[in-house]
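K.L.:
Residue numbers (the numbering used here), protein chains in the order written: chain A, 63 to 420; chain B, 63 to 420; chain C, 63 to 420; chain D, 63 to 420.
Hints were generated in silico from the structure; no laboratory data involved. Careful, some of the hints might be misleading.
The list cannot tell twin chains apart, which means a pair is met if one copy fits it or any two copies do.
Subject to a maximum C-alpha distance of 20 Å in a straight line, what follows is the list of computed DMTMM-like cross-link-like pairs (lysine to aspartate or glutamate) [as the list claims (entries may be wrong)]:
1. K263 <-> E309
2. K263 <-> D348
3. K307 <-> E408
4. K263 <-> D338
5. K263 <-> E408
6. K263 <-> E145
7. K307 <-> E107
8. K307 <-> D357
9. K307 <-> E319
10. K307 <-> E93
11. K307 <-> E65
12. K307 <-> E265
13. K263 <-> E107
Residue-level listing of the chains:
4 protein chains.
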Amino acid sequence: MIEVAVLGATGTVGQRFIQLLENHAWFRVAEVAASERSVGRTYAEACRWLLPTPMPASVASLTVQPLDADFRSPVILSALPSEVAQSLEPALAQRGHLVSSNTSAHRMASDVPLLLPELNADHVRLVEVQRRQRGYSGALVTMSNCTTVPVAVALAPLLPFGVRQVQVVSLQAISGSGYPGVPSLDIFDNILPYIGGEEEKVEREPLKILGTLSDDQIVPLPATFSASCNRVPVLDGHTVVVSVKFESPPPLEAIREAWQAFEPHALARGLPSLPDPVLIYTDGLDRPQPRLDRDNGRGMATTVGRLRPCNVLDVKFVALSHNTVRGAAGGAILNAELLIAQGYGEALGLPSLQQSAT
Amino acid sequence: MIEVAVLGATGTVGQRFIQLLENHAWFRVAEVAASERSVGRTYAEACRWLLPTPMPASVASLTVQPLDADFRSPVILSALPSEVAQSLEPALAQRGHLVSSNTSAHRMASDVPLLLPELNADHVRLVEVQRRQRGYSGALVTMSNCTTVPVAVALAPLLPFGVRQVQVVSLQAISGSGYPGVPSLDIFDNILPYIGGEEEKVEREPLKILGTLSDDQIVPLPATFSASCNRVPVLDGHTVVVSVKFESPPPLEAIREAWQAFEPHALARGLPSLPDPVLIYTDGLDRPQPRLDRDNGRGMATTVGRLRPCNVLDVKFVALSHNTVRGAAGGAILNAELLIAQGYGEALGLPSLQQSAT
Amino acid sequence: MIEVAVLGATGTVGQRFIQLLENHAWFRVAEVAASERSVGRTYAEACRWLLPTPMPASVASLTVQPLDADFRSPVILSALPSEVAQSLEPALAQRGHLVSSNTSAHRMASDVPLLLPELNADHVRLVEVQRRQRGYSGALVTMSNCTTVPVAVALAPLLPFGVRQVQVVSLQAISGSGYPGVPSLDIFDNILPYIGGEEEKVEREPLKILGTLSDDQIVPLPATFSASCNRVPVLDGHTVVVSVKFESPPPLEAIREAWQAFEPHALARGLPSLPDPVLIYTDGLDRPQPRLDRDNGRGMATTVGRLRPCNVLDVKFVALSHNTVRGAAGGAILNAELLIAQGYGEALGLPSLQQSAT
Amino acid sequence: MIEVAVLGATGTVGQRFIQLLENHAWFRVAEVAASERSVGRTYAEACRWLLPTPMPASVASLTVQPLDADFRSPVILSALPSEVAQSLEPALAQRGHLVSSNTSAHRMASDVPLLLPELNADHVRLVEVQRRQRGYSGALVTMSNCTTVPVAVALAPLLPFGVRQVQVVSLQAISGSGYPGVPSLDIFDNILPYIGGEEEKVEREPLKILGTLSDDQIVPLPATFSASCNRVPVLDGHTVVVSVKFESPPPLEAIREAWQAFEPHALARGLPSLPDPVLIYTDGLDRPQPRLDRDNGRGMATTVGRLRPCNVLDVKFVALSHNTVRGAAGGAILNAELLIAQGYGEALGLPSLQQSAT
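With the sequences and hints as input, model every part of the structure.
P.N.:
Put into structure tokens, the structure is as follows:
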């Protein structure tokens, strides 16, 4: 088993890391770190556990370390606040750790992969650029914003048709804003039609994720995105209502087939956290729905439905992913798996595991 | 006081009619009618009252009449199911009643006004066509779909810029589907990304409402609408996220000014249910919100905010109206007021009231 | 008009004070004060207004003062945190202000009236003790805990039967914990079966409120209360499920009659905020309900129903009051009205108003 | 594998049966039956599946049979409406089926076991009485009301202290009323303080469950229960607030120890659906909570906490069980397991399975 340190371990994403790693095939939580006021207490004492499954006993008794500890774990999963991640994550990669981050701080850096492995596992090659340019002995890879996930997964199979314009309206769950996060008085019987910084991320990140790696650089998707982000009174699961304009508008049936035939990127196959299928197309009249579809593929699949023509662009549909599983902790674990599988941990004495897994 | 009969009086829109008419300046609820199983009971017995204000005592004691009763009230407010309204509303107009309907059955008929008086009060002139063609001694006017309201009100001030394409994503409250309506197990911790028939209405109705009356016909707005309608766990208040493409894209500031300067149609001024202002522009970062803004203008105003550029069309914004007040009962009352004010009840011995009101 | 200063003006109870005073017959908000970070800003800037009615324009432009300002208003309404109120409220009473507090700090002091005027308006006489013992030229009166209200109001008419034992289980609304208050992740799809300090208050306060004033002291009600307090996902309105054992158990019909015949204390009659009736008895099978009954009597009435025998004690029933209106701001305003009506402001040049009001 | 027919298969409890049996150690769903309008369609077509895990594929393709079909499955799990169960369940037991019912129709019959096997597995011996008196070749056993479960499980370990009086106030989830069940307009931002027939069940059933089998009869627990039942806006999980008076009031510590030491009835050990532990005592200040504790023991455990003295009776606490798992489908499956383990299926050629399981 490969030892993992979870940074920001007491927050909502940190808790998901620990829940999802409980019986992980490759990883074991060996260290937890959090901010000042948790340091020195056991994880059980420091954490207000908010998940419906019990806190794993092996983690409950770990002592919370400071964020600047000298971690022994080769793999680091980071759910740090952006301002802390800014300098800490590069320092850890420099010191030799494989850092898989859920934070926005480094997502758009040109030599940092922004990975949804089922779509763009080959972008992990940017780690080599990173090692050359920054002298890292470790690596730093990033997970996208949670709302970007259903957008990017639903669009990836449609790239052959020439995606050119995309309108996204999101209906985002409250767990996306952490704990204490959204006050109940704000969201009860209400919609919040604004989430700070979110629209910019959803407009920018898909271009990199769906771009192509060429000459050690990502050539972004030549498309334009417009996003309107809303908070809704739903616990988990981000729903996106999407309209798309194509260069060569395909018939609806071709889109449906592209979704149903979609295969994850070859380099991602066999990774323990990859769901099968990655994308579930449903023709249920009123699906996807967050409460019924967020747990598809153990929270790692994206569900897409309501495909129909759009009077203004070409087609419209609805997509949905679990925001703290596929859209955060589960995604960053998948990215860490990819690093291992692709041999980026070999210098740390870690096996290149994917071959044995398939 | 002018006597009014409320048809479909026990449903959620029927209850709003009765609540809003409690201290109305011109109207008094004299008759209530509902389906078979309520007939013969008092309104208090027949109705599961769901509003937080007490049932008006004067209505509580009325005996519920059958829908085919011979109503004595000159004005009829109809919240009938569409299939019942199909034949009943025309028959009542034929018999001389002024019928203000909240039903979809006759909205798109070429000689039936689809009225949001603050925007298109002049369309009431179609009643004259109706009287000529159908031989009505009364009149039949209709109220739009509840989701159409915030879309049409927000766009009306922008027509001078040449509205050409409109994308609408709605987040609609549960009260919009009546009682018992949406089962709690369907909407609890959930989004329903489908509302039967709704998208077609939202794509079609604004063209008529925002069209122009010419030669006894409505020339529809030459624009294209695309709508995606969603049910969200909110009690009252429909929120719409809108993107617009213009023939001559104005600067944001011009749009803001158009909203702030917007005056209701001259024929609508002085109507008792008209709010002042009709449209409230807010620059609150996270407004409008249904729980905080739905009651603006006693539920009759539309609140608009979050104006910003759209990368795909030209601009985007968020608008919100109360769906059972402005979007249903309050709207149909306003339409009935317009009929009276414009003198369409004079043959019934009713005064042409607006002059005295202004 | 009597000028009023609102302390803790930006919080949820402070906002209710300002909303309820907008068109008050006697009072006008002249000063607002809040904690450090709001001082010097206008009320509109400092306050995240959370009520569905607009912020009153006359208050929006007031500059927020520090809590230790030298207030000119003779009447002070306090929604201060308990630790701040501890020393500040007595100091203000000492300086001559009539302080009506919604805080728990001084409720149980032997010379401080704990007032629900409809039940115990005569307890206001303790102000005289207070003035003698503490040398106040002003006065300090307190409002009970919000959950105490429906319990005390429902029991007061039953005192003649000898209330001896009372079991209370509360289902309390989220607005009771202020803003930001309960995180949405804690209360969404959930019940919190614990509210710090609440059960003790509900067990203790009714004894004082329902006690009798004798020889300048309150003789507490000789009864025993047991309370279990729960937070539920409801916006406003505290529901209490109550079982009672009497010295002389009356027939249910006698209890019903006692409730229906209940008259407010003579000294409270004519106070502007007193609802009529004070207690609404309903025989609706499934009432009272918070969303439908919390606004009864403009939020100042208590609604009681579901009266039936209890197998363990004698009878059980359900009662409900609006927690931030009757249970907080509205209650403290009523207490201030009582002070004025009883002439405790005469030294400040304030009229003894009740006579003119009746 | 033992074949099972699920009656009332399309309802919320029927769906739970099918979900819980997906990978059951002993049982396999072979037949599904439902009311007229579902008959002849596949289960996938007939059922609006409301659970977040996918509908098991093996059941999706089964054709829905009528309720009066000639079932071949030896074991019948019934989630029938009470009025249908009244005559149908006895007829099926007569014909040789082992009928495990979740319905209230036969719970209180003197020769029908009302089983919570962890508490009273020996009551299954009433099947022998039933066979003698009614001539059944099969058997009919029943599951309690869902709200009875947390009450009975929490009290069972305390019987040695002489439970004499019990006050129960329930906060019940919406899934307890089936589908479509509670209209969202009734429960949104609201509490319903009445559930038809529920209080009587909660007052009566624990007496039988916690009674003792003697001379082929159940001697009921000599105690008195009073219940107040409320519906709250929670999806799953019934919370009960309980106060108890004992013959010999024990110290709190003795109660805590009784809970922690509690062992399920010997005859229930080894049953596949029995959780370990059956009862979870928590000293978390604000636990149990439905969203966090309902899934304890895969939804089959009862969680108890907030133990403290009661001023009126002796002690009070909060208990919680999953209402559609332990309180309905899971409970009835456990009862069916007990029938098999105790050899009541041997005449049907079914093995007495428990020995091999332990």
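K.L.:
Compare the structure with each hint and give your call.
P.N.:
Against the structure, the hints:
Neither within a single protomer nor between protomers do K263 and E309 lie at most 20 Å apart by alpha-carbon distance, with minima of 24 Å and 29 Å respectively. In this assembly of identical chains, K263 and D348 lie within 20 Å of each other by CA distance solely across copies; the values are 18 Å between and 28 Å within a copy. Within a single copy, K307 and E408 get their C-alpha atoms no closer than 44 Å, and across copies no closer than 54 Å, so neither meets the 20 Å cut-off. For the homomeric pair K263 and D338, neither the shortest alpha-carbon distance inside one copy (27 Å) nor that between copies (39 Å) is at most 20 Å.
Taking the shortest Cα distances, K263 and E408 never come within 20 Å of each other, neither inside one copy (33 Å) nor across copies (60 Å). Within a single copy, K263 and E145 get their C-alpha atoms as close as 16 Å, which meets the 20 Å cut-off; across copies the closest is 43 Å, which misses it. In this homomeric assembly, K307 and E107 never come within 20 Å of each other (Cα to Cα): the closest approach is 52 Å inside a single copy and 34 Å across copies. In this assembly of identical chains, K307 and D357 lie within 20 Å of each other by CA distance neither inside one copy nor across copies; the values are 30 Å within and 37 Å between.
In this homomeric assembly, K307 and E319 come within 20 Å of each other (Cα to Cα) only inside a single copy, at 18 Å, whereas the closest approach across copies is 31 Å. For the identical chains of this complex, K307 and E93 are neighbours neither inside a copy (47 Å) nor across copies (48 Å), given an alpha-carbon limit of 20 Å. In this assembly of identical chains, the alpha carbons of K307 and E65 never lie at most 20 Å apart, being 45 Å within a copy and 52 Å across copies at closest. For a Cα distance limit of 20 Å, the shortest separation of K307 from E265 qualifies both inside one copy, at 15 Å, and across copies, at 19 Å.
Taking the shortest alpha-carbon separations for K263 and E107, neither the intra-copy value of 35 Å nor the inter-copy value of 29 Å comes in at or below 20 Å.
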